[in-house]
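> All chains, full assembly: derive it from the sequences and hints.
Keeping their order, the protein sequence lines are chains A and B. Okay, so the first sequence: first residue is 1 according to my numbering, each after it adds one. Okay, so the second sequence: first residue is 1 according to my numbering, each after it adds one.
Quick caveat, the hints were computed from the structure, so don't treat them as lab data. A hint or two may mislead.
Stated by the list, open to error - Chain B stretches covered by chain A per the calculated footprint, using a threshold of three residues with CB under 8 Å from any CB of chain A:
1. 56-64
2. 89-97
3. 211-218
Stated by the list, open to error - Not close to chain B: a few residues of chain A, all C-beta gaps over 12 Å, as computed:
4. Phe-70
5. Leu-74
6. Leu-181
7. Glu-183
8. Phe-197
9. Pro-202
Since the model is a prediction, treat every value here as computed from it, not as a measurement. By construction, the Cβ of each residue, glycine as well, lies at the ideal position given by its N, Cα and C atoms.
The primary structure of each chain is shown beneath.
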Amino acid sequence: MSATTAARRPVRAPSVASPRRSATRFWANLVLIVIGLLFAAPLAWVVLASIDSAATYRVAWPTKPTLDNFTEVLTPELTLRPLLNSLVLSTGAAVVTVVVSVLAAYPLSRYRSRFNAPFLYSVLFASCLPITAIMVPVYSLFVQLRLINQPWAVALFLAASALPMALWMTKNFMDSVPVSLEEAAWVDGASAMRALFTIVVPLMRPALSVVFVFVFLQAWGNFFVPFVLLLTPDWQPAAVSIYAFFGQYGTIAYGRLAAYSLLYSIPVLGLYMIVTRGLGGTFALSGAVKG
Amino acid sequence: MLPAAGLLVVFLAGPIAWAVAGSLTDRALTGVSATKPEFIGLDNFARLFADPVLPLSILLTVVFVAGSAIIGQNVLGLLLAVLFRAGSRAVAGTVGAIVVTAWVLPEIVAAFVSYAFLSADGTLNAALSLVGVTGPNWLYSLPLLAIILANTWRGTAFSMMIYRAALDDVPPEVTESAMIDGAGTWQRLRFITLPMISGTIFTNLLLTTLQTLSVFTLIWVMTKGGPGDLSTTLPVLAYSEAFSFGDIGYGNAIAIVMLALGAIFSLAYVVSLRRRGGLT
Numbered sequence: 001m002s003a004t005t006a007a008r009r010p011v012r013a014p015s016v017a018s019p020r021r022s023a024t025r026f027w028a029n030l031v032l033i034v035i036g037l038l039f040a041a042p043l044a045w046v047v048l049a050s051i052d053s054a055a056t057y058r059v060a061w062p063t064k065p066t067l068d069n070f071t072e073v074l075t076p077e078l079t080l081r082p083l084l085n086s087l088v089l090s091t092g093a094a095v096v097t098v099v100v101s102v103l104a105a106y107p108l109s110r111y112r113s114r115f116n117a118p119f120l121y122s123v124l125f126a127s128c129l130p131i132t133a134i135m136v137p138v139y140s141l142f143v144q145l146r147l148i149n150q151p152w153a154v155a156l157f158l159a160a161s162a163l164p165m166a167l168w169m170t171k172n173f174m175d176s177v178p179v180s181l182e183e184a185a186w187v188d189g190a191s192a193m194r195a196l197f198t199i200v201v202p203l204m205r206p207a208l209s210v211v212f213v214f215v216f217l218q219a220w221g222n223f224f225v226p227f228v229l230l231l232t233p234d235w236q237p238a239a240v241s242i243y244a245f246f247g248q249y250g251t252i253a254y255g256r257l258a259a260y261s262l263l264y265s266i267p268v269l270g271l272y273m274i275v276t277r278g279l280g281g282t283f284a285l286s287g288a289v290k291g
Numbered sequence: 001m002l003p004a005a006g007l008l009v010v011f012l013a014g015p016i017a018w019a020v021a022g023s024l025t026d027r028a029l030t031g032v033s034a035t036k037p038e039f040i041g042l043d044n045f046a047r048l049f050a051d052p053v054l055p056l057s058i059l060l061t062v063v064f065v066a067g068s069a070i071i072g073q074n075v076l077g078l079l080l081a082v083l084f085r086a087g088s089r090a091v092a093g094t095v096g097a098i099v100v101t102a103w104v105l106p107e108i109v110a111a112f113v114s115y116a117f118l119s120a121d122g123t124l125n126a127a128l129s130l131v132g133v134t135g136p137n138w139l140y141s142l143p144l145l146a147i148i149l150a151n152t153w154r155g156t157a158f159s160m161m162i163y164r165a166a167l168d169d170v171p172p173e174v175t176e177s178a179m180i181d182g183a184g185t186w187q188r189l190r191f192i193t194l195p196m197i198s199g200t201i202f203t204n205l206l207l208t209t210l211q212t213l214s215v216f217t218l219i220w221v222m223t224k225g226g227p228g229d230l231s232t233t234l235p236v237l238a239y240s241e242a243f244s245f246g247d248i249g250y251g252n253a254i255a256i257v258m259l260a261l262g263a264i265f266s267l268a269y270v271v272s273l274r275r276r277g278g279l280t
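Structure below.
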């Protein structure tokens, strides 16, 4: 990585002296700024409207910045309970997915079997199927099994729908954990399960937290699944309750809608930043093998 | 491995099998057929293929995918990735962060934000009126264009990141030697860089197509498939047939059509990955 950037540097450097290259850079910057403004304009609305007491649908500088919108939506039944439901559903789905994909990835990564390749290909195939396509049959299946309005069943479904991708990621991460560490444990008499949970899982902690956050973010942002499967407000996550709010007040209370949207989005943005910044280069696992 | 297989069978294979079975019945949300659905063979499919809304919906889905995934996200994503290399670091970083934010936001918030941006008295029309143009009511008079713009806005980050990584992998020696041979920026891009990342372009086209095929929330919040059926793509059609009109069997039949479409693209992706030896 660093070698390639170092190699590229001398090519870029003379551009200061070359008028043609600096012209290219000027035009590139200009186009980038225009695209950036176009992408930023919709985002600016949600931020500015949330602190504007007289917000409309257009971007406007708030005349009297206020936090009233936030205090008005921060009530237990409107936001706190749905956000808590989101947290419970997403955490449940993510925990199940991580545990199940570790258990499944271990044999896939460590043992050669002729079922491995077909299994992995079908998992990959499943991870690409449009989940929205199966929501109607899932609904009627849930009705038959009396699982409608059961939060644990919805969490399990969210886990299952994220599992193909999570399994794929976990397997690839696990492949990069050196097998020699486990061989040492096996020699000392540890069983495969014991080696998995005392050697591999602790080494994979950063990788597994990436998988966890990946599933969590998907479940947190998912609107369609709980919209179809959770019909009573008791267990509805924020995605569904914010939609109900939009239906009731969306055409009047722009500011409060924006404030709710922000409250609901900030955890996602925060987690995403933590994962991309903090856990970027964590694969120093091979450093555990010495000599 | 057993728990994984169990979970996948119950919650993914199960519904698919259920969809096939359900599509052959007249199951409904309410009434007699809700408790005692009858086997009606391929009637749902016969009805579906005779229904004028299906060709319209497939056409709308194809235009939506072509407009927002293939043209919008891929072209804009590749353009951004190329410009990032030419532009200065600070500008590239800021613009990249803005584009990624639109992608990380929960889908329903992205839908609200697009709704606000494109509504009759929204930001876009306000900006247009500054230059003396009276913008249309995007969500009503141009619903398909509105959802294409919104999905492009939301999804470009994915393609941008994929192409940025692919461009970083193009060895600089190759473009340098082309430069020494006198190739201009455009020629280097057209004859060196694009052919070298053609595999990535193909993969990314498949992935964005699959993601776009299943977009529901964005369309549902912005237009509800309307006005009329003018933005009813297949996921919206399946939902409204099953839940607004209460015909679960018919909704299942649409789900099968959608799954078949998705399966074709998904299979193409797996086969292409396998041919390039992508697995282990």
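> Each hint: holds or not?
Structure-based check of each hint:
Coverage of a stretch by a chain is defined here by at least three residues with a beta carbon nearer than 8 Å to that chain's beta carbons; for the region 56-64 of chain B and chain A the count is 0, and the condition is violated. Coverage of a stretch by a chain is defined here by at least three residues with a beta carbon nearer than 8 Å to that chain's beta carbons; for the region 89-97 of chain B and chain A the count is 4, and the condition holds. For the region 211-218 of chain B, the stated coverage by chain A holds: 5 residues have a C-beta nearer than 8 Å to a C-beta of that chain, and at least 3 were required. With a cut of 12 Å on Cβ distances, A/Phe-70 stays outside the contact zone with chain B, its closest approach being about 15 Å.
Distance check on A/Leu-74: its Cβ is at least 17 Å (rounded) from any Cβ of chain B, clearing the 12 Å threshold; non-interface status holds. Consistency note on A/Leu-181: stated as away from chain B, and its beta-carbon is indeed over 12 Å from all of that chain's, at 20 Å minimum. Against chain B, the non-interface label of A/Glu-183 holds: every CB pair exceeds 12 Å, the least being about 20 Å. With a closest Cβ-Cβ approach of about 15 Å to chain B, A/Phe-197 is found to remain outside the 12 Å limit, as its non-interface label requires.
For A/Pro-202, the condition that its CB be more than 12 Å from all CB atoms of chain B holds, with the nearest at approximately 21 Å.
In summary, the one numbered hint that this structure violates is 1.
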